[in-house]
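Keeping their order, the protein sequence lines are chains F and A. When we follow the numbering used here, the leftmost residue of the first sequence carries the number 1, and every step to the right adds one. When we follow the numbering used here, the leftmost residue of the second sequence carries the number 278, and every step to the right adds one.
Hints are all accurate, no fakes.
Not close to chain F: a few residues of chain A, all C-beta gaps over 12 Å, as computed:
| no. | residue |
| --- | --- |
| 1 | Leu-307 |
| 2 | His-492 |
| 3 | Lys-529 |
| 4 | Ser-536 |
| 5 | Val-567 |
The calculated lysine-lysine pairs, modelled on BS3-like cross-linking and capped at a C-alpha distance of 27 Å, are:
| no. | chain 1 | residue 1 | chain 2 | residue 2 |
| --- | --- | --- | --- | --- |
| 6 | A | Lys-477 | F | Lys-103 |
| 7 | A | Lys-559 | A | Lys-495 |
| 8 | A | Lys-367 | F | Lys-103 |
| 9 | F | Lys-123 | F | Lys-103 |
| 10 | F | Lys-103 | A | Lys-383 |
| 11 | A | Lys-529 | A | Lys-559 |
| 12 | A | Lys-477 | A | Lys-383 |
| 13 | A | Lys-529 | A | Lys-495 |
| 14 | A | Lys-495 | A | Lys-477 |
No lab work stands behind these hints, which were simulated from the structure alone. Cβ coordinates follow ideal geometry from the N, Cα and C atoms, glycine included.
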Amino acid sequence: MIARALTCWTILRITLEERLVYRGDFALATLMRFLPIITQIFLWWAVFESIGDGSRSGGTIAGYRFENMVAYYLLTMITRAFSSMPGLASGIARQIRDGEVKKYLVQPVDMLGFLLLSRLAHKLAYYSVALLPFGFVFYLTRGFFVDGWPEPGVLAAFVLSLMLAFLLGFFLEASFGLIGFWFLEVTSLLFIYMLLSFFLSGHMFPLDLLPSPWNQLVDLLPLKYLAYFPAAVFLGKVQGADLTRGLVVQVGWVVLFAVAARVMWSRGVRRYSGFGG
Amino acid sequence: MAIIELRALAKSFRVYQKREGLAASLRGLLRRQYRYVQAVRGIDLDVEHGEFVAFLGPNGAGKTTTLKLLSGVIHPTSGSARVMGYVPWKRENAYRRRFALVMGQKNQLWWDLPAQESFRLHQQIYRLAPDAFRRTRDELADLLAVRALMAQPVRELSLGERMKMELIAALLHSPDVLFLDEPTIGLDVVAQHRIQQFLKYYQAERRVTILLTSHYMKDVAALCRRVVIIAQGDVQYDGSLDGIRDAFSGSKIVTLQLSEDERLDGWEAFGEVLEIQPPRVKLRILRSEVPRVLASILATRAVEDVAVEDPPLEEALAEMFTRVGQPAPQDAESPVDAVELAKGIA
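Extracted from the complex, chain A is given alone in its bound form:
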């Protein structure tokens, strides 16, 4: 049985609709106008024990809302969810002792006190035996190389050090399920890497189930075999990281190194011109067309070198996000409708 199970989970928020101008503001004092925003619309998802799943998606796609639903902070408008058999928004203590939520932008340590005091508080809140608590704490602190900093007030720590402390605080009670909302946001490359390494090791060692949201593809590439793309409040893709490219980008990037006297015009005939920087021309060409188009280029133009590449993953994602963000174009010129394709695969 799946450890996390979402069925048609939906959440809409009511937001106050403020009109422009003073008169409208005054009217708003008497009668407020609300608008409903569908943050999550009917997500179905199963996560098995020990999986490390990444949630990807543009800002406002519903990733954080989903994590909030799963950690019981908010309750859904409709649909159901079970985590380890618990309904999260019932907030039973038995459930709350078995998961943790870490939000990269929120701080839950005591600002003025050393982190070890916050840890001790967690020991009490989660009723941890002193020995086990000390062992876990020191082990985590060693893994993250912050043992010497535990006695320093949190406010004096760098962002990266603080994040590591946050992670320790969240893991002290050895949760079975961990929700990480952008844990590496704003961190430098070194700290980011360290946290990635730590999470990778910890997850492999403890077989915990982790859901992670991040905007850094590096996080995702390093950690998660399974990627769930959420956009417009719905699952658009569920599969491997490499699969994203195949799913969303039906084209290849062809870079041509031209001979010095070759013409720079007329390239539109072969494909979408991305860039002309003499003597180089970059084209986007439909994957299935590549052999044919390339042959015809080589037959008619003077080319010194050719490179055919997949478009970068970020680009494939960005393309997909923009498309989902807009009303689906009916007569789009783009050869592959990413959304449709994604749905087909998901």
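In isolation and in its complexed conformation, chain F is listed as follows:
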């Protein structure tokens, strides 16, 4: 047990070090995250100005006032920081194609566990660096959070759903990457997934803006738990029984994709060692 924890710690530390090698790139990537949100704010500014009484704070869209809308985008920025896994799926697919995956067959180490730990390390590195700019931006934009801090229970649920979003993002992308065992080239597949994810996770706009039947469809997909759901929890849009149900469903998706990735790995390896190598 202790040995295991030590292994995890070493993997974490080493991947962290690797992440910090390219400091410039890392810092730039961290800061760039704030750029798209500015355009979003101006866009919605214009939208809200054109409805209602002509000022941007007049009308509401699907229960969102302008301030809520900005708060929503700021929050999805946080949720994406947990759930997005840049390069995970394509990295796995590349390792399969290059045969680098052999390493995990020859050495007594589990690939999924190893990758999960290194992702965790990447995220930790990212948060530690991003904490300052994030804090600064949220301080500047505190006026948009008109309802102030949510109550502790909701905040706890928000944090929990962020953790789950991280796990879901990991296992979802890992599963996509593992398709590489069957199709050597998964780039276009990943592109489609990214595109869908952008719209259907709530990254592009709050999902409750969607009319029926689209909102029901989105409800059936796991993608909304990557961005929309945690933000909605924070903003108090999901409450009581709905909140519990949402968290349970999110856990369900995590388990489903964790199992899927595990099964795909073992079948993929069997196929790989049968045909390729």
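Fit chain A to the known structure of chain F by using the hints.
For chain A alone, kept in the frame of chain F given last:
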């Protein structure tokens, strides 16, 4: 009992058969045509504890496939293998802690980090005690003279230095069995020599069992007493390095230094003419015929000097590889059928 035991081990791959042209490519989208390639066809082999065995053979002969089978990366189509009593492709952790695979063309160190970080990761993966780990690491690094480079990012190392680091990483957990797939590929003579020396010392010291594939005869000559030649997915020869020459080359190279006025034509009567560079003539003559032919040359021609040599080992091998690569010639003019002879010896 043999530490490595292969019985009728066979592996065939399915490869996608792409036809030429666009129309065929489109058809291929719907129905793929596959062809089966027999990479390894029924290898039997026993390796005893502490042996250093070289696998020789042309590209695509099945050497790497055999190493992959033994390290559990792929599983066979048929046949069986045991390494230290384990079935490799079951990939039990107990087995994986006791062997190592080094591929000269594959990199398993962290590219952006110093090698020592990769080593530390291996320490954890293989659960090595800190003291033992440090001792092994420093000892290996000293032997390979790369101790000062352990703190330098791997990407800044030369190919030779990187290979040495790869070797250290692979040996940290003191494997009992080591598979080396072309460990000196692309290295300069100095690095190559250093790695040879290291492997020789390490093997003698630790009595590990090593299977090595290489295209460099120097590697093989320096390290391995036993040579297994694999071609066409099968063992063609199993024995000593010197034995190869006797087995595959039934001829000698005779070089004649001619007197200035000696004729340059008509040498075909004595043997295969390899080269005529006045005043020198090089002939290949059947081993058993050498005394007789030489006597008749000396009786009829004006010769100033004679040298009789074995053909170079590489040539004997190349000859053997080409012959195995082709369908066995039934009415070949060559006096000794290398393949048949090899089978007789193996």
